[in-house]
Structure formats: structure tokens, C-alpha cells
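Novice: If you want the building blocks of each chain, they are given just below.
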Amino acid sequence: MTPRALLAVALLGAALPALAGEIATADRRSGYDFMSPETKAMQDDDTANPAMLSVLDGETLWTTKAGAANKSCNDCHGAVDVSMKGVAARYPAFNAASAAPVDLGQRVNLCRGQHQEAEAFAPESRELLALTALIARQSRGMPITAGGDPRLTPFLARGRELFVQRQGQLNLACANCHDDNWDKHLAGSSITQGQPTGYPIYRLEWQGMGSLQRRLRGCMTGVRAQAFDFDAPDMIALELYLMSRARGMTIDAPAVRP
Amino acid sequence: MDSMFEPLHLSRRHLLQLAGTFASALPLITVRPARATPAMLASAIRNVVGEAHVQAGKVRLDIPPLVENGNTVPMTVSVDHPMTPESFVKSIHVFNEKNPQPNVANFFLAPSAGRAQVTARIRLADTQKVVAIAKLSDGSFWSATVDVIVTLAACTEEMP
Amino acid sequence: MAAALVNVPAKARRGAVIEIKTLMSHVMEPGYRHTAAGEVVPRDIITSFTCRFNGAEIFRADLYPAIAANPFLSFFTTASESGKFEFEWIGDNGFVATASAAITVE
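Residue numbers (our numbering), protein chains in the order written: chain A, 52 to 309; chain B, 321 to 480; chain C, 4 to 109.
A few of these clues could be false.
Unchecked claim - Derived Cβ-Cβ restraints for the label pairs, each shown as a range:
id	chain 1	residue 1	chain 2	residue 2	range
1	A	R80	C	G34	34 to 40 Å
2	B	P402	C	I93	45 to 51 Å
3	A	R80	C	V30	31 to 37 Å
4	A	K136	B	V374	30 to 36 Å
5	A	A283	C	A13	26 to 32 Å
6	C	E60	B	V369	21 to 27 Å
7	C	T107	A	S123	54 to 60 Å
8	A	A75	C	V30	49 to 55 Å
9	A	D78	C	T107	46 to 52 Å
10	C	E32	A	R202	53 to 59 Å
Stated by the list, open to error - As a list, the in silico EDC-like pairs of lysine to aspartate or glutamate whose alpha-carbon atoms are at most 20 Å apart:
id	chain 1	residue 1	chain 2	residue 2
11	C	K87	A	E256
12	C	K14	A	E89
13	B	K410	C	E22
14	B	K418	A	E256
15	B	K410	C	E60
16	A	K91	B	D382
17	C	K87	A	D95
18	B	K418	C	E84
19	C	K14	A	E168
20	B	K410	C	D65
21	C	K24	B	D467
22	A	K116	A	E168
23	C	K24	A	E168
Stated by the list, open to error - Computed, partial: chain B to chain A, Cβ under 7 Å:
id	residue
24	P384
25	N389
26	N391
27	T392
28	T396
29	E406
30	P431
It should be emphasised that the hints constitute simulated quantities derived from the structure, not laboratory data. Heads up, the beta-carbon is just placed ideally off N, CA and C, and yes, glycines get one too.
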């Protein structure tokens with residue numbers, strides 16, 4: 052970085068006000084609200100939404116037998132539109148076996164290990180994104196309920212702590228942009244509130260599907276911080292906090308985002 | 321791009337620098353190859369129309385004037401001309417000025433189309449002109465040109 | 004087989020102009036990008052799309068690297084008789100994918 056850029060970053064750090072706190076419930080807006088009419092149209096039409104290709108993939112995987120147990124998701128759960136309705140809205144959820152929250156992707160992989168006796172899907176693999184997209188779609192239009200379980204309280208607190216903690220060479224906390232400056236722009240892009248209503252998403256920038264974890268890693272790289280590893284406890288805590296922060300907002304998965 | 325800025329409690333110069341560090345923070349994929357030049361654009365158009373005269377009109381090219389991400393830009397091209405066996409739009413050719421190569425797509429229509437309209441999603445590496453040329457069954461060529469502003473994403477990331 | 008989403012109305016009135024929408028899952032790697040190590044990622048795109056109705060070509064497209072990943076194409080046709088639409092995508096590295104959809108015209 053040039054000295055000039057360093058100076059600019061230092062000034063930015065000094066100029067930002069103290070944390071203004073959480074966004075009032077009435078002021079919350081999903082990423083969808085910030086999008087252009089064209090991008091909204093792409094999401095709104097299931098026959099034009101590229102994320103639906105992943106859902107289609109997921110439908111095939113749902114009924115495909117896998118692992119030593121030779122069982123499909125469908126063999127245990129039955130029809131996805133019945134059994135998975137509302138499930139994504141309450142994830143990350145508390146997993147008693149590990150006494151910690153797991154996100155939807157981890158839940159799928161726990162199922163694969165325990166019930167299908169199959170290998171876990173890799174983070175951001177086509178299969179994991181397809182199954183989570185299919186499952187998330189079954190909660191479309193439903194309010195987010197994540198974070199209500201009292202056993203999650205310490206993990207929520209950790210997530211909040213991470214959200215307001217400055218990090219990286221730019222020394223920015225999530226909250227500096229997404230609580231305090233969400234009505235502004237950074238270059239040509241809207242600074243959104245970071246409400247994770249539509250994951251996994253089809254991101255135009257990626258030209259493909261990605262999870263909330265991938266999006267968060269992108270943000271961390273953006274502020275020049277060391278990104279959390281996929282599935283790291285802090286990553287899950289941050290996901291949990293973000294979903295709980297969006298509680299009551301409507302799921303619009305699988306969403307399209309710029 | 322200036323109109324997109326709303327200062328974050330500090331001067332525009334600092335913000336611009338911050339935006340610059342975001343955009344250039346990563347080593348990666350945005351290394352731009354040599355771009356199509358206006359000469360290449362002209363030559364690509366010549367390959368389709370030959371020596372024929374291209375008239376402005378009849379063609380409508382809908383692209384958002386300011387796109388959110390140049391990787392996926394919705395585009396609709398339509399031609400105001402009947403589609404009958406006697407007189408119809410035979411093909412529509414789309415070109416750009418500054419991508420690495422000037423061709424975007426060629427669409428070949430049948431009179432049975434009923435409506436000469438095609439939608440696709442395209443990539444635009446930079447702010448540039450996009451040109452659509454329609455060939456009618458009588459051999460005439462018609463065109464539309466639009467200017468599209470492509471903003472760079474604030475935060476990019478490495479190729480997975 | 005790569006995932007494809009094809010949308011054609013199941014029924015139409017004779018003479019009606021209908022819209023056909025297609026989405027094909029494909030990376031459309033343009034051949035101009037570099038990895039962090041500086042190597043060019045080789046081109047891997049769909050180069051051609053064809054739609055036939057009852058065997059006759061009704062729409063065709065040549066695609067270039069400037070077409071976005073997971074190509075979306077929509078176009079129109081006149082419903083003349085009941086029958087079958089067939090869709091074919093052809094691309095680099097031997098890529099071929101097909102899909103079909105039936106329509107009843109009344």
C-alpha cells in the first residue's frame with residue numbers, strides 16, 4: 052500500500068463515529084431492497100433466476116441414495132417441500148451433540164455422516180450449495196426465527212462481539228459499514244445492511260452460487276483481514292448473530308445479489 | 321461515478337482512495353487482456369454486413385444505463401418489424417467496443433417467431449458502447465447503439 | 004448432464020405468440036482470465052444454441068465469451084400446432100446438452 056493510501060485508511064479509522072448500535076426493526080432492509088429493478092426481476096422470476104439451476108440440482112441430490120447406508124435424504128425426510136418447510140429460517144441452530152450451533156450446510160453434512168454414512172461435502176461444493184439452496188427455498192416467504200433457543204445465548208454474544216470488532220489493515224468492523232453507513236455507497240456499490248435473508252445466493256460478481264460463509268470471507272478479505280476458515284466456530288457465531296439480527300425479516304432464498 | 325458518492329464523514333479524496341484500496345486489494349483475476357478496439361469493432365461489423373449500408377433505426381437495445389455488475393448484464397434486443405414469411409428479421413448481431421473481443425452473440429430468427437425480440441445476459445468489462453444490428457429478409461441492415469456505464473464492484477475476491 | 008431450466012407454456016391458443024425461456028448451467032470461462040499464479044484459464048464456453056420445433060429450426064444463437072455464466076436466452080415463437088420443442092447447447096471440450104418441452108395448441 053502506498054503511504055497516501057495508508058494515511059487515507061488511518062484517517063477513515065479516526066473519522067468514523069462510535070458504534071451507533073443496532074438498526075431499528077422498522078429500518079431493516081434486505082439486500083433485495085438495494086438492488087436495481089433488473090436484478091430484482093432476475094430474482095423474482097423462477098424461470099430466469101440462475102439460482103434455480105442449483106435448486107434443480109438439489110432436487111436430484113435429495114432423492115439420490117448415497118453412502119454406506121445407501122439412503123437418500125428423501126428416504127428419511129420424505130418430500131422436501133413438506134419436511135424442510137421453515138427449516139432454513141431457524142438456522143444456525145443448536146446441535147446438542149456438539150453443544151454448539153451448526154449452520155444449514157453443517158447440518159446437511161452431519162446428516163451425511165450419521166445417517167447416510169457418506170463423506171461430507173466440501174465447503175462451497177456444488178452439491179452442498181445445491182442441497183442448501185433447495186432446503187432454503189422451502190422457507191421462502193417465511194420470517195427468520197434463528198437465535199431464539201436460549202442455549203445459543205453465549206454464541207450470539209460471541210457473534211455480536213465479532214460484528215463490532217475492528218479487524219484487518221483497514222481496521223473496520225462489520226458494524227462500521229453495515230450498522231452505521233448502510234445508506235451510503237462504496238464506489239458504485241450500495242453498502243447494504245448485511246441482512247442474510249437469501250442464502251445461498253447467486254452473486255453476479257461470482258457468476259455462481261455461494262454461501263453466507265463465502266460472502267463473509269469476501270468481506271474480511273475486503274478489509275484486508277485474515278478471513279475465518281470455513282465452518283470455524285467464530286464463523287458460525289457470526290452467521291448466527293447475523294441471522295438473529297434479521298429475525299422477523301422474510302427469507303427470499305435462493306436470492307440473486309450483485 | 322461522482323454522483324454515486326455520499327461522503328462517510330470524510331472528504332471525497334479519502335473515500336476515493338479507500339475505494340481504490342478495496343478495488344486493488346487483491347492480486348487476481350481482473351488483469352485485463354488487450355481490449356477490442358473501435359477498429360476491431362468496425363471490422364467485426366464488416367464481417368456481418370459486408371459493404372452494405374447500415375441504417376440507424378428499427379432496432380431497440382435495452383440495457384440498464386448503469387449496471388450493477390459487468391459480469392451479468394441483462395440485455396433485450398428487439399426489432400420493430402413484422403415477422404411474416406414475406407418479410408421478416410433474419411438475424412440480430414450484437415457487438416461491443418471494449419471487451420477482449422468484439423462479438424457478443426448472433427441470433428438467427430425464423431418468420432414463425434412472431435416477434436423479433438431476444439433477451440440474454442452479457443458481460444461488459446468496462447464502460448462502453450454496445451451495438452446491435454438486424455438483418456432483414458430484404459437484405460437491409462438496421463442498428464441501435466447504447467452507451468453503458470459499468471461500475472466496478474467495491475469488494476472483489478479471489479477466484480475460488 | 005448439466006442442469007437446464009426450460010420454460011415453455013404447456014398450452015397455447017393457435018396463433019398466439021409465446022415466449023420461450025432457457026437457462027443452462029455452464030461456467031462460460033472466457034479464456035482471458037488469469038489465476039493468482041498468472042496462468043491463463045483456458046476458454047470453456049457454449050458456442051451454439053439451437054431450438055427446433057417438430058424437427059424444424061426456429062431459433063439459433065452463436066455465443067461468444069461475452070455471454071454471462073449460466074447462459075439465459077429468451078425468444079418468441081408462434082404456436083401453430085401441438086408438438087415438441089427440442090433445445091441443444093453445444094460448446095468447447097465436447098460439451099453437448101439437450102432438453103425438450105411439449106406444447107398443446109388448441
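Novice: All the hints need checking, so say for each whether the structure fits it.
Specialist: Hint-by-hint comparison with the structure:
1. Judged by the Cβ atoms, the range 34 to 40 Å given for R80/A and G34/C holds: they are separated by roughly 39 Å.
2. Against the hinted window of 45 to 51 Å, the Cβ-Cβ separation of P402/B and I93/C comes to about 31 Å, which falls outside the hint.
3. The supplied range of 31 to 37 Å is met by R80/A and V30/C, whose beta-carbon atoms lie about 32 Å from each other.
4. Range check, K136/A to V374/B: about 55 Å between beta-carbon atoms, so the 30 to 36 Å window is missed.
5. Between A283/A and A13/C, the C-beta spacing of about 48 Å breaks the proposed range 26 to 32 Å.
6. For the pair E60/C and V369/B, the supplied restraint of 21 to 27 Å holds, since their beta-carbon distance comes to about 23 Å.
7. Taken as a hint, the range 54 to 60 Å is violated for the pair T107/C and S123/A, whose Cβ atoms sit roughly 33 Å apart.
8. For the pair A75/A and V30/C, the supplied restraint of 49 to 55 Å is violated, since their beta-carbon distance comes to about 42 Å.
9. Between D78/A and T107/C, the C-beta spacing of about 50 Å keeps the proposed range 46 to 52 Å intact.
10. For E32/C and R202/A, the hinted distance range of 53 to 59 Å is not satisfied, since their beta carbons lie about 45 Å from each other.
11. A hinted pair counts as satisfied when its Cα atoms are at most 20 Å apart, and K87/C with E256/A does not qualify at roughly 36 Å.
12. Restraint check for K14/C and E89/A: the C-alpha separation of about 28 Å exceeds 20 Å, so the hint is violated.
13. Simply put, K410/B and E22/C have alpha-carbon atoms about 18 Å apart, close enough for the 20 Å limit, and the pair holds.
14. Under the criterion of a C-alpha separation no larger than 20 Å, the hint pairing K418/B with E256/A is consistent with the structure, at around 19 Å.
15. Among the hinted pairs, K410/B with E60/C is consistent with the structure: their alpha-carbon atoms are about 13 Å apart, no more than 20 Å.
16. Straight-line distance between C-alpha atoms of K91/A and D382/B comes to about 16 Å, which keeps the hinted pair within the 20 Å bound.
17. With a C-alpha separation of about 27 Å, the suggested pairing of K87/C with D95/A is violated against the 20 Å cut-off.
18. Proposed proximity of K418/B and E84/C is contradicted: the alpha carbons are some 44 Å apart, above 20 Å.
19. Restraint check for K14/C and E168/A: not satisfied, since their Cα atoms lie roughly 45 Å apart, outside the 20 Å limit.
20. As the CA atoms of K410/B and D65/C are separated by approximately 14 Å, the hinted pair is consistent with the 20 Å bound.
21. Proximity of K24/C to D467/B is assessed by CA-CA distance (about 26 Å); at most 20 Å being required, the pair is judged violated.
22. Taken as a hint, the K116/A and E168/A pair is honoured in the structure, with Cα atoms around 11 Å apart against an allowance of 20 Å.
23. Taking the CA atoms of K24/C and E168/A, the gap is near 40 Å; set against the 20 Å cutoff, the hint is violated.
24. With 7 Å as the threshold, the beta carbon of P384/B comes within range of chain A, its nearest partner Cβ sitting at about 5 Å, so the hint holds.
25. At about 4 Å, the closest approach between the beta carbon of N389/B and any beta carbon in chain A falls short of 7 Å, and the interface hint on this residue holds.
26. Among the interface hints, the one on N391/B holds; its C-beta lies about 5 Å from the nearest C-beta in chain A, closer than the 7 Å criterion.
27. Among the interface hints, the one on T392/B holds; its C-beta lies about 4 Å from the nearest C-beta in chain A, closer than the 7 Å criterion.
28. Of the supplied interface hints, the one on T396/B is violated, with its beta-carbon coming no nearer than about 10 Å to a beta-carbon of chain A, more than 7 Å.
29. The interface hint given for E406/B is violated, since its Cβ lies 33 Å from the closest Cβ of chain A, which is over the 7 Å cut-off.
30. Taking 7 Å as the C-beta contact cut-off toward chain A, the hint placing P431/B at the interface is violated, the least distance being around 26 Å.
Of the hints listed earlier, those the structure fails to meet are numbers 2, 4, 5, 7, 8, 10, 11, 12, 17, 18, 19, 21, 23, 28, 29, 30, in rising order.
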